[in-house]
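Trainee: Chain by chain, the residues:
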Amino acid sequence: MSFAVTPVSAQDGAPQVNEPTPANPADMPTPAPNWPKPVKDDRVLTYVTFDELEGRTNGPNTSFRWDGEGWIGTDFNKFWFKSEGFVTNSVASDGDQEFLYDRPIPHLRYLDWQAGARLDIDSGPKRAWVALGIEGLSPYFFNFAPTFYVRDGGHVAGRLEGYYDLYLTQRLILQPQVEMNFYSQADPARGIGTGLSELDGGVRLGYQFSRKFAPYIGYTYTGAFGQTATFSRQAGQPTGEHRFVFGIWLWH
Amino acid sequence: MPGRDLTLTRRRFVQGVAAAGVAAFVGGNFIRADAEAIAQTPPILTGNHFDLAIEPHEVDFTGKRRKAIKINGLLPGPTLKWREGDTVTIAVTNHLSEPASIHWHGVRVPSDMDGVPGLSFAGIAPGKTFVYRIPVVQNGTYWYHSHYGGQEQVGLYGGLIIEPRDEDPIAYDRDYVVLLNDWTDTDPYTLYGNLKKQSDYYNFHKRTAGTFIDDARSKGFRSTVADRLRWGRNDMIPADIADVNSSTYIYLMNGNPPGADWTALFNAGERVRLRFVNASSMTIFDVRIPALPMTVVQADGNCLHPVTVDEFRIGVAETYDIIVQPHENKAYTVFAQPEARGRYARGTLAPRMGMTAEIPPMDSYPLRTMADMGMAGMKGMQRSGMSSDQMPGMKDMSASGMEDSDTSAMTETHMAGPTGRFSDPLSGKTSLPQPGPRTTRLIPPPSQMTVRPTQTLEGEVPLQVGPEVVTVMKTSPKLRDPGDGLSGNGRRVLTYADLRALYKGVDGRQPTREIVLHLTGNMERFIWGFDGRKFSEAGPIHLKLGERVRFVLINDTMMEHPIHLHGLWSELENGSGEFAPYKHTLIIKPAERLTCLVSADTPGRWAFHCHLLYHMDAGMFRTVIVS
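Keeping their order, the protein sequence lines are chains A and B.
Note that the first sequence covers residues 1 to 252 in the numbering used here.
Note that the second sequence covers residues 1001 to 1627 in the numbering used here.
If you are wondering where the hints come from, they were derived from the structure by calculation, not from laboratory data.
Note that the Cβ used here is the ideal one computed from N, Cα and C, for glycine as well.
One or more of the hints may lead you astray.
[Claimed, not checked] Some chain A residues close to chain B (C-beta under 10 Å, calculated; not the full set):
hint, residue
1, Pro31
2, Lys37
3, Val39
4, Asp41
5, Phe76
6, Arg159
7, Leu166
8, Arg171
9, Leu174
10, Gln175
11, Pro176
12, Gly195
13, Trp251
[Unchecked claim] Which chain B residues stay away from chain A? Per the calculated CB distances, all over 10 Å, these:
hint, residue
14, Arg1207
15, Arg1233
16, Tyr1344
17, Thr1356
18, Lys1534
19, Phe1535
20, Arg1593
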């Protein structure tokens, strides 16, 4: 019993008929250049994520905070873009924009090295640095990214960022997070002193409605230290701030 | 067959009723996942010439309309029925706006008929027709599917039955193709991107604070902490069973969701042959029919010494033909649960339409163990399944084809193949025949014992951990291990050690070369490959036409990979000696070392790859060139 199907008439005249495989293996046809690859395992993909996209409030004052990154590329060649900053009362600060080339580190499984440029662009004086760092997973699933920066005049800076995703349930995530910045020389115009200049840390609790969309609430502490703290006091700004945060984790 | 006429009349009637129901639905594309729907069965096309049209369609399996691909308006595509010895032509017309192809999985074809764009041909361009021309030199249950992009995931697949020219050794009264498949509402390219950007995107069985508390309660705080640290040290997740699972998939049986309840009819006492095909993209299924033992009679199109089990695991692209003989006039549930559990595929075997049986509870979610990482202790080696000479499903065999008669004359034996002559089995002019009742051990083992095969480390590269290799494991054979999630459930489960070919293999030579391939990957980066390299980073594997080699497959990852070699048979070395089962797809378990023998008897460019679609796309692919 067969369900006969009306033959579909070939398009464009005679159907494409093929030559049989030649009996002589030496005559086996070589793939023509216009043949596709059987598997495209080197696709260019794009990725954007916001680790922080939030309002930070202590009651009377609310700041807007963003910290995001993204990349375009393949498994072994990526171009990264990172951006972070605060906006408080139309004043932008901590504007750290980076453009990096990224490659996996050989013999390591989950770490990439990154090299490129960092531009401090916000309401303060602009700075441009050369950046070099690594990013990835440490043992025990800590995400961390230490980066070194160098700019003219012998300024060396370092930033250490890290966070950990603790799954309370399959969708509820508790995330401790910290970012620390170090500077070898003071930059008074930007209110930065030597040594550990500032620390921004927090604990956030978010719920993944989908993997790509997770609203969260949390608590953050932003502190200035040493000479940076002195600059802050001179400018009449607080040296340590506790804030309640509410925001969204997003990626695409 | 005794009493054949009576049986046939009843069968025709029943099929006629089912056909009437099906005919009303052919071309329909609206299948709701509720119990009232009439389940569809792919119709069977017979003959020597076939016309297949690949067309874009919309489907609705979950309440959301999605883009899919249908063949002649059908998803799954129609089941094709060929006859061994015929030459079939299949004119495939591509109505998509991208190239398409059809690969005949497990079928011995000339290299340019194999349907792999880039290896066999350029693919079928949009609007064009490609005429496959295939001399059919084998019999059994097979399937066909696209080999381009994500088309296999959205419906371009169907069943293929090749009837034997000689008497079928398998005795049965009726047969059904059972295609198992996974369907997602997510576009395949998006799905691939999700895995690349967050490899545990679909894993909702992570270890959490909640599971920590549960484990600490049952196993103690200290041992739970130690367990977490042991896995965490290597950034590994013991709950990583399947990359894509029920969090996005529903599972179909012949294109029907469980609610539609695809039903196959039988009369009590009949022997029913179920041709199970795992036509999915990413899902390993554990199949059983509660209250009905299954006798496994064929795997990957090749007949086996019958073995009766309660359950079998079927990897992506594998096929298993089983015989059941229900004696009662009641319904039985055909239950296929994915290894990662969650949802299931389900159908019913019943004497009448409309009868259903209880759906068994899902087994618990398996966890990987340290044995899967190649460390600490071997799994229990229980022998499951039993073979018997008196199995339902096999005819009373006279030992034709199984005797060791007069091998010394074999080198001169001529075998009537489709072209009538078979002068030199190693010339490449015709391939070695599939073992059957009329084949003999064509190429005998050497009359004297030769030296052990040279252990050329062909392709064996010293593996180092890195971005593409997360672990290098201590591997071992695990043929008697049914697999993670199948131990200790009280059921007889099929293992690879149970597979024993019904007919002797035709090539008695020892391999002259070993080709060692490590299955490697980095789950976090979602990079997969062989020997630490993706397809785009590696060259082809060269085989000399006529040679006999051993493939040594070593799984240095923590997941199962169903590995498929196109164009040539892989004879699984499982202790069955001359009766090694001929397979086209082999599941290699985590930390397993498995070997198979291959006679490179057909020239061509043959794909060799993991049949988990997104692993293949991520690099787990090689070209094998036989010339």
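Trainee: Hints first: check each against the structure and report whether it holds.
Mentor: Now for the hints, and whether the structure bears them out:
| no. | hint | in the structure |
| --- | --- | --- |
| 1 | Pro31 | holds, 6 Å |
| 2 | Lys37 | holds, 5 Å |
| 3 | Val39 | holds, 4 Å |
| 4 | Asp41 | holds, 4 Å |
| 5 | Phe76 | holds, 8 Å |
| 6 | Arg159 | violated, 23 Å |
| 7 | Leu166 | holds, 7 Å |
| 8 | Arg171 | holds, 8 Å |
| 9 | Leu174 | holds, 8 Å |
| 10 | Gln175 | violated, 13 Å |
| 11 | Pro176 | violated, 13 Å |
| 12 | Gly195 | violated, 33 Å |
| 13 | Trp251 | holds, 7 Å |
| 14 | Arg1207 | violated, 7 Å |
| 15 | Arg1233 | violated, 5 Å |
| 16 | Tyr1344 | holds, 20 Å |
| 17 | Thr1356 | holds, 27 Å |
| 18 | Lys1534 | violated, 5 Å |
| 19 | Phe1535 | violated, 5 Å |
| 20 | Arg1593 | holds, 22 Å |
Of the numbered hints listed earlier, those contradicted by the structure are 6, 10, 11, 12, 14, 15, 18 and 19.
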